[in-house]
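Peer 1: The residues making up each chain are set out below.
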Amino acid sequence: MTPTVCDLFERQVRERPDATAVRTSGRSWTYAEFGRTTARLAARLRRGGAGPGGIVGLVAPRGPQALTGIVAILRSGAACLPLDPDDPPLRNREILDGTRCRQVLVAAPAGWLPGAQLIDDPTLEDEEEAPPVAPDPLDLAYAITTSGSTGRPKVVGVPHEGLSNLVMASIEDLDLVRPDDVMLWTLAVTVDSTMHDVLMPLCCGGCVAVPDPGELPAAGMLRAVRALGATVLEIPAAVLGPYGGSLLPRLAEAGVRLVITGGSQLDGPGLADADPLVVRNGYGPTETSVAPLWYRCDKSTPRWVPIGRPIRGVRAYVLDEELNPVPDGAAGQLYIAGAGLARGYLGLPGRTAAAFLPDPFSDVPGRRMYATGDRVRRQPDGEYVFLGRADDQVKVSGFRVEIGEVEHALRGCPGVADAAVLLRRDAPGGAALVAFLAGTPLPDEEISDRLRDRLPRHMVPRFHVWLDRLPLNRPGKIDRAALAEMPFAETRADRRRTDDVT
Amino acid sequence: MFDDGEFHVVVNDEEQYSIWPAGRDLPAGWRPVGSPAPKAECLARIDVNWTDMRPRSLREGT
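Just so you know, the protein sequences line up as chains Y and B, in that order.
Residues in the first sequence are numbered from 1 upward in steps of one, following the UniProt record's numbering.
Residues in the second sequence are numbered from 1 upward in steps of one, following the UniProt record's numbering.
Bound conformation, chain B alone (with noise of 0.2 Å):
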């Protein structure tokens, strides 16, 4: 994907993170977590947030 320009921080029902391009529509089923900013800014944002990777319906046992 293309490294340049500003990117959201996305998240899931799941509570899974990503990244997409600030502009673009949005996948349904994603929403966006602050601000846009360039990449390397959100996936550090992301390493300090998502801090337990297993889905959340499996952390829940539902």
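Just chain Y, with the same shape it has in the complex (with noise of 0.2 Å):
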């Protein structure tokens, strides 16, 4: 049986002790002291009642707090939900709520959280370390918030099954990480890649290295590097695609041997002209365990970068309409089986049966597959290549939004009777959320700030156009293609009180 994370960092504290796991500016720490720290937090949340089956929320930065909470969550057997401290507490408090979450790590007091459980208590010194306890490889590891189109956001819960078998492939198929390297932590506490990265290096006897708090913009990602000695980083594809062609070299210089991407579509020049570093584009959505297919960039990828081929014990399938494999060369959505399918939607069992769906092609019986709603197509040499998205759900700065959630949220703003958001990639400023509203006209900061309490920062609408009523279609939905189309003069917010007067 593939043994879970726990299993795996556990080995690493009882072999070699002295090795670094974590690192910041100010201090490091061993996998001795690291193994204690963790070992005692997990031992408080086992006396409050946490353990396999249970859910044990985590609202803290990125930082070595957030780290140690992590870790410690795992070690008690329970599954880690990752919350933003920045998040509206409404939302927040919804989903420790709907997830039946009763115990919180938090980094800092929270005036919403009373009863939570400091990271850093110093009474922790005190506490007994916990005996090991063993998680099966179907009980939750963590469950990750996506945006739901429903207008409640919905909760993803991973099981250990597949976060093990992707942490081995990466360690024994991938080499993504190796006991030598020194992983920079980069993104959210929130987006699953982040249980990746920073567990892969602890299962394996690698050093994870925690930037300083805030933005990490690309400069500051180099500066980091430099700074903590890091040898292997994740870049969103957002941000590499652009930028890759200059800010690699200057990786390579500073000793970086791998570049991890992924999160949207890679698009650009010169990801394998920095010799030796490599970039390894990873794909998948959070319902099939982070990332189950890998590409490697070399002198051959084109701009428009392939997503790869699928880990061990995961298979992918090209389908049409009807559920039929398709050719290969031509496109269909791409369906996700074996290791690493989610457990499902937490607390929707009627939204996971519409995604997981029966696998027919399965050698096992009574297995899932997992309708992605990417469109994708493979090609002879094996290598899948990304064509776009089967429905309405959108990335926004590297966040999954459904489009759904903010049109519900914008429906709840008083005055509005219709609403319908769009992301428009030709917004002045660039790619943005539009907002198109029928009903009596508020003033933008009053709807922003409303929107500000419900959702996350991305996905409150940069622009708000008001219109008469929203366009509709033949089969009598909201005409998306029309409002695509309309002309961005006209739907800058600061034109529109002309055009309301006329």
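Any given hint could turn out to be false.
Stated by the list, open to error - Simulated coverage check for chain B against chain Y, where a stretch passes if three residues somewhere in it have a Cβ under 8 Å from a Cβ of chain Y:
#	segment
1	4-14
2	26-35
3	42-55
What the hints assert, rightly or not - Each computed SDA-like pair below joins lysine to any residue, with the alpha-carbon atoms no more than 25 Å apart:
#	chain 1	residue 1	chain 2	residue 2
4	Y	LYS395	Y	VAL364
5	B	LYS39	Y	GLU321
6	B	LYS39	Y	PRO325
7	Y	LYS395	Y	HIS408
8	B	LYS39	Y	ARG389
9	B	LYS39	Y	ALA371
10	B	LYS39	Y	ALA431
11	B	LYS39	Y	HIS408
12	B	LYS39	B	GLY61
13	B	LYS39	Y	GLN333
Just so you know, these hints were derived from the structure itself, not from any lab.
We treat Cβ as the ideally placed atom computed from N, Cα and C, and that holds for glycine.
Assembly of the complex is requested from the two constituent chains, each provided in isolation within its own frame, with the hints serving as guidance.
Peer 2: Structure below.
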């Protein structure tokens, strides 16, 4: 049986207690120290009732405390539900309640979370170290919040078997991490790639380097790489595509051997020009354990970078509308099966059933396959190429946004009768969410303020345009194609008053 | 997957629920529950019936 990430980490603590597990600009922790700290916090969580089958919330920004929290929650046997302390408390509260999460770890006290456990609580010194708990491979390891199309956030529950399959493939097959690597943690706590990025080094004896708090633009990444001696880091495809050509040679010079990327389509030149630095592109929805397909860039890689091929234990099918396989080279929807499928959307069995279908191609009866909603084609060499989204789920600043949730929040504003939201790539200042609204016009600030109480910042539309009514197409649905074509000059918020008067 | 037409609510040995187009051969290891219905109705039925999403083998500790 595949060991869980808890087993793999504990083995490192036993076998290399003096190796560095975690490093910041201020200090470092050996495996023995980090093992002790996380075991004490795990013991405290266990005494509070946490264990296999349970979920513990983590409300902390990227930092050594958040890392301690992730590992401690996993070592308690429970699943980790990371939330952003900067998201509206109302939304975070709703997610915690919806997942019946009774214990929460915090980096700093928060008024909306009375009774939460402080990660740096000095009284943890007195806590006995928890005896190892062995979660079942089918128990959840983590739960990740994605934006939901029905207006409610969806929480994807991922079991240990998917996470450890990915970690084992990362170490043994993909060369994503080695025991002498220093992996720079660059992403937000709330994205599933963070679980992969921080846990795989800790499962093989490597080191996690935690940059100073705050945003991490390209220049900041380079500084952090130099300060912490990083050899591997993840850079979102939205950054690596446009800036890789100039950034990669400097990272290589600073000692980076590998750049991991993903999160959206990687589109950019020069990704194999910083030899010996290698770029590997991971693809996958949260529902399939971070990234079940991987691609290694080389000199022959096109600008529109393939998403690669499935890792061990994973199967990928390209199917037509009738769920029949299409030939190599033809477009179809990508379905993923095998190791790594999430349990589903916690508390949303109907939504889960609609996305996780019976797998007619499996040798083992009774298996499921996940409908990614992504259109792809498989090349004759076995590499898959992403073509686009099948529905209107969009990515904004690397975050997955289901338009429906934004529209739902807009419709909750007084005066708003109907709302449609589009991602317009031609917006002034770059791609932006644009809200088309019908009803009694409100000042832009008032709408934005209300939305910020309900939604993370990246989901709040940058532009509003008021129409008498939203255009409908023949089947009676909002005509998104018409909205997508509406000239931008007329949709600028500052022009609309003039339009209203005339 | 196509949205129109009728679907079966189906369940496997792990008591995981899903849907499958009525009239098509059911993949091995899945059995239908109740009579075929439009997709939305099937999903609503699953919302009511699938109360514990843990796989059965985990629930029963086997």
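Peer 1: Evaluate each hint against the coordinates.
Peer 2: Hints, verified against the model:
no.: 1; hint: 4-14; verdict: holds (count 5)
no.: 2; hint: 26-35; verdict: holds (count 5)
no.: 3; hint: 42-55; verdict: holds (count 11)
no.: 4; hint: Y/LYS395 - Y/VAL364; verdict: 35 Å, violated
no.: 5; hint: B/LYS39 - Y/GLU321; verdict: 15 Å, holds
no.: 6; hint: B/LYS39 - Y/PRO325; verdict: 23 Å, holds
no.: 7; hint: Y/LYS395 - Y/HIS408; verdict: 18 Å, holds
no.: 8; hint: B/LYS39 - Y/ARG389; verdict: 22 Å, holds
no.: 9; hint: B/LYS39 - Y/ALA371; verdict: 16 Å, holds
no.: 10; hint: B/LYS39 - Y/ALA431; verdict: 35 Å, violated
no.: 11; hint: B/LYS39 - Y/HIS408; verdict: 22 Å, holds
no.: 12; hint: B/LYS39 - B/GLY61; verdict: 33 Å, violated
no.: 13; hint: B/LYS39 - Y/GLN333; verdict: 19 Å, holds
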